[in-house]
Amino acid sequence: MNLRVVKFLFEEAFISLRQNVLMATIAIMTISISLIILAVFLLLFFDINSAIGGVSRNLTIVTYLDKEITSSGISKVEEQFALITGIKNVEFVSKEDAWKKMKDKFKYQEDIVNLVQGNPLPDSFVLTLESPDKIEDVAKELKLVEGVSDVRFGKEVVSKLRMFVQVFNYVGLSVVGFLLLATLLIIINTINLTILAKKFEVEIMKLVGATNNFVKWCFRIEGLVMGFLGAIVAIVIVDGIFSFVTYKIHMVFPFISVFTQGLSIITLNIFLLCLGLIIGLIGSSISIKSLLKSILKK
Amino acid sequence: MNLRVVKFLFEEAFISLRQNVLMATIAIMTISISLIILAVFLLLFFDINSAIGGVSRNLTIVTYLDKEITSSGISKVEEQFALITGIKNVEFVSKEDAWKKMKDKFKYQEDIVNLVQGNPLPDSFVLTLESPDKIEDVAKELKLVEGVSDVRFGKEVVSKLRMFVQVFNYVGLSVVGFLLLATLLIIINTINLTILAKKFEVEIMKLVGATNNFVKWCFRIEGLVMGFLGAIVAIVIVDGIFSFVTYKIHMVFPFISVFTQGLSIITLNIFLLCLGLIIGLIGSSISIKSLLKSILKK
Amino acid sequence: MIRLRNVTKTYNKSFTVLQRINLHISKDEFVFLVGPTGAGKTTLIKLILREEVPDSGSVYIDKVNTRDFNENQTSKLRKNIGVIFQDFKVFNRSIYENLAFVLKIQGEKKKIIKEKIDTVISLVGLEKKLHLHPFQLSGGEKQKACLARAIINRPLVLLADEPTGNLDPDASWEIMQILSKINQQNTTVVVATHDKHIVDMMRKRVIALHGGNIIRDQQLGKYNHEP
Amino acid sequence: MIRLRNVTKTYNKSFTVLQRINLHISKDEFVFLVGPTGAGKTTLIKLILREEVPDSGSVYIDKVNTRDFNENQTSKLRKNIGVIFQDFKVFNRSIYENLAFVLKIQGEKKKIIKEKIDTVISLVGLEKKLHLHPFQLSGGEKQKACLARAIINRPLVLLADEPTGNLDPDASWEIMQILSKINQQNTTVVVATHDKHIVDMMRKRVIALHGGNIIRDQQLGKYNHEP
Ligand SMILES: Nc1ncnc2c1ncn2[C@@H]1O[C@H](COP(=O)(O)OP(=O)(O)OP(=O)(O)O)[C@@H](O)[C@H]1O
Ligand SMILES: Nc1ncnc2c1ncn2[C@@H]1O[C@H](COP(=O)(O)OP(=O)(O)OP(=O)(O)O)[C@@H](O)[C@H]1O
Ligand SMILES: [Mg+2]
Ligand SMILES: [Mg+2]
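Residue numbers (this note's numbering), protein chains in the order written: chain A, 9 to 306; chain B, 9 to 306; chain C, 4 to 230; chain D, 4 to 230.
In case anyone wonders, no lab produced these hints; they're calculated from the structure.
Possibly wrong hints are sitting among the right ones.
Keeping only pairs whose Cα atoms sit at most 20 angstroms apart, straight-line, the calculated PhoX-like set for lysine-lysine is [said to hold, decoys possible]:
#, chain 1, residue 1, chain 2, residue 2
1, B, K207, A, K207
2, A, K224, D, K79
3, A, K15, D, K114
4, C, K117, B, K15
5, C, K225, B, K207
6, D, K113, A, K15
7, C, K79, B, K301
8, B, K15, C, K16
9, C, K49, B, K207
10, C, K92, D, K92
11, D, K49, A, K305
12, C, K82, B, K224
13, D, K114, A, K224
14, C, K199, D, K199
15, D, K199, C, K225
16, C, K92, A, K207
17, C, K92, B, K305
18, C, K16, D, K131
19, C, K16, B, K305
20, B, K15, C, K199
21, B, K168, A, K168
22, B, K301, A, K111
23, B, K224, C, K79
24, B, K305, C, K49
25, B, K301, C, K49
26, D, K92, B, K207
27, A, K207, D, K92
28, D, K79, C, K131
Please put together the full structure from these sequences, using the hints given.
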């Protein structure tokens, strides 16, 4: 294909779209809507996912040290910790601090606290992990470090969280996958409807000598253009909704930070654009191919 | 309209659908897909909503009684509680039970517990509420009861939960509303595309003397039939997915009970059917009306 | 039956097709409309059918001015006018369905619909093609099917726009005989045609259009569209 | 140029339109195809255009059997054949776009497209209608536009199916002169028509179809489709 043909194909696509502007507009609108649905759920999925990630990242392991440990022993333990992979942050909590916190926590049970003489608590390290996945393994390694008397973490919380993540990803990915499929089908169907309505046009094209390839490319480019326009409209609306919702949520729940760590809006825009173009092309290819076949058979 | 005309209108609708079976099939498919999307999210929304409801219902208020209270005093307090609305369940926890639990909880801090002599804890009632909404009001009323020394509930948990419910409903309802709108638009657009493709037919109808009303009802019934078929297909698929997912989740997470308290599948089916019929009717009405107008103008 | 008073029709606000046309066709008449291509024959027929409305002047059908017809009155008018359109305008359905539609919108019963179709289809000789779709018919057969649709309702007025353009001379002559017979049964017949032979043979009233005007209106006329 | 060998064409596996037709039309010929409605004239033209393929027998264009043409060969064939279809088959676009399309698929440059359209449109006298859409044209004007589309490419073969059905006698005669001139410029012309007057005046080869057979094939023939 030389450049003139490409130029002509685009011209044809625009003539064809202009021929039934209303139909084209409606089709493009439908493409936009289904892309918007998809985009909204991608945003939700990734954002909730990252929110869960945030919770997971806050899981900590508390390592209690021997009561008789010296300050040089403490630094030795800390050095050992540096050798263990998967630890993101290490915070030392002296037994004094721990006791203060404890007293704070049991304010109501004052009587109990007052009954205690001296400080019964040991020094400890609070460790943050890079990921909660290997928390058991890390805990085991920590136990082996000399000077560590006990290692504690919320076993129940970890397992609940893990289950939740599993369910969420299971459901979320199924839903996103299902939506992707549904979007594909809706867009392909819509393009198919607009092309079926042009059966008569295609018949004439063939009768005056247009090759199948020529006809196919005319409609492919038409599909591409529709997909492109649909994606652009979707992007504008999604970005609008996004800004509005971010703003609105910020007003209502100023303490929540939304849409910060999830899917970046630019990635999403690029994804929508590619999707629009690709489905536009594929949808029109399928439709025109089957239409040409049906014309041949008649 | 007499019965013969109604019969004829249905005949016309089927002739018209048969005239371009492929187009009709594609349109019905699109209608199904968008209804399925809506249904999936309604199920998810209502199910998560009811799951949250479950969590809320487990919120409790602990009422500590005066240390010197007599057993007749305890029953008096209980009688008073019966007068307060909004309490679903009342459970008495004796100071002995409470101390046992406390000891259990602080196993690690054995030293502290061992330092305590006797039982420093009072008797208490654990109350379950009908709804967490009025928890503060109920707590206030409880405080006024004679024999009650203190009333405690997880203020932080309640406020966090409330916020979560608020955010969830905010987001969830927005999403469901948005999806409903999107579904409506997709279905209306799809029907519009099939009707636009029949412009030539409508022109002939008008020229041989069909009234606007007649033409409108032909296409309305066609829209109704498409909406009906689309809804039926959607219902079959949604019910299929539902059974499959329930089964699958039961396999993978046998301890979770899903889809039990949310939206009943029968309600959903009826909703989808009505929606299909109504949008089919409305969509075709809008389309044929604007088509007739455009023909008149030309 | 049909009266045009000072009718002017302009397309796109600039191209005047008919200019101050005055015309009266009475109930029992059979009229040929002739004129070169683009003279406005089809436009005149569209005006009578109220597919188009005049820019100025009035069209009276059965003494009623159609100018201010609403949608319902227009439908009623069209139910009483049978038309053979120059470009056929048939549904992409079987001939049977095409014919049945016209009767169905009148609320006819199934049985009567079947009877009427049988009668009219044998009149035009398309019995074997009754269940074919238009794209399966030859040009002439399509034209005959259009005639059948136009007369199935025994209309008050029959408008035939180039009804023999795709027919051989013998078939054309047969069609003319059918139109003649319908005319005798009290239907006003208006035929727009280029078929010199037929016009000359039929010896009916001939109205010749040219340059937006009626340049000749003759009883027992001949085809001649020269000014 | 065109040769049919024992061509049989049956529709719906039961209705035989053409039966063992043998026919040869050489490069420089101008041929009329006559026959009553439904005789198979359009079917014959469709066979030449390879819009239909024969059930048995072969169609040769320029000595090549078109039976086993693939899609590309068919396109190439059609680019060399100009056709005036009985039912027009024009795009719902302006006449200009309709004409341009035929040239565009040949990969012509914009400038040349414009030139060629200008030439051909003045030949058929539709200069003022160039940017109108088909539904804005009269029947005869549409027919002329189809002629313009058929000849714009200087095709090797010109197939005209009832090209004067919507034209007045004068316009018909003009069109015939154009076809004649094109024939003299080395295009094979096949005209299917019912216009007795024109066939009789032109004195060209006349092939008469009837009942699925060629019942007459005469040089300098007259219109006469009686067996
Ligand atoms: N919708 C329209 N818009 C613009 N011009 C139109 C429209 N309809 C008709 N015309 C023009 O009006 C003129 C008359 O058209 P009309 O169809 O009435 O001619 P006609 O006498 O029927 O011709 P023919 O014998 O070719 O059928 C033509 O030149 C045509 O181009
Ligand atoms: N696709 C089809 N399916 C069934 N029958 C067909 C089909 N196409 C044509 N026919 C039949 O074949 C016969 C010949 O048709 P054709 O169009 O070739 O006739 P024709 O000679 O061109 O007639 P006319 O002068 O009326 O145009 C007709 O009786 C028609 O009904
Ligand atoms: Mg006309
Ligand atoms: Mg024919």
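A quick look at each hint next to the structure:
1. K207(B) - K207(A): The hint holds at about 14 angstroms.
2. K224(A) - K79(D): 17 angstroms, holds
3. K15(A) - K114(D): 15 angstroms, holds
4. K117(C) - K15(B): Roughly 17 angstroms separates the two Cα atoms, so the pair holds.
5. K225(C) - K207(B): Status violated; Cα separation ~40 angstroms.
6. K113(D) - K15(A): 11 angstroms, holds
7. K79(C) - K301(B): Within the cut-off at roughly 19 angstroms; holds.
8. K15(B) - K16(C): Since the Cα atoms of K15(B) and K16(C) sit roughly 45 angstroms apart, the hinted pair is violated (cutoff 20 angstroms).
9. K49(C) - K207(B): Holds, at about 19 angstroms.
10. K92(C) - K92(D): Since the Cα atoms of K92(C) and K92(D) sit roughly 14 angstroms apart, the hinted pair holds (cutoff 20 angstroms).
11. K49(D) - K305(A): 15 angstroms, holds
12. K82(C) - K224(B): Answer holds: K82(C) to K224(B) is near 18 angstroms, not above 20 angstroms.
13. K114(D) - K224(A): Status violated; Cα separation ~26 angstroms.
14. K199(C) - K199(D): Given that 20 angstroms is the threshold and the Cα spacing comes to 11 angstroms, the pair holds.
15. K199(D) - K225(C): 18 angstroms, holds
16. K92(C) - K207(A): 18 angstroms, holds
17. K92(C) - K305(B): 19 angstroms, holds
18. K16(C) - K131(D): 15 angstroms, holds
19. K16(C) - K305(B): Holds, at roughly 15 angstroms.
20. K15(B) - K199(C): Answer violated: K15(B) to K199(C) is near 47 angstroms, above 20 angstroms.
21. K168(B) - K168(A): 18 angstroms, holds
22. K301(B) - K111(A): 80 angstroms, violated
23. K224(B) - K79(C): Given that 20 angstroms is the threshold and the Cα spacing comes to 17 angstroms, the pair holds.
24. K305(B) - K49(C): Holds, at roughly 15 angstroms.
25. K301(B) - K49(C): With Cα atoms ~18 angstroms apart, K301(B) and K49(C) stay inside 20 angstroms; holds.
26. K92(D) - K207(B): 18 angstroms, holds
27. K207(A) - K92(D): 12 angstroms, holds
28. K79(D) - K131(C): Outside the cut-off at roughly 37 angstroms; violated.
Comparing the model with each numbered hint stated earlier shows that hints 5, 8, 13, 20, 22, 28 do not hold.
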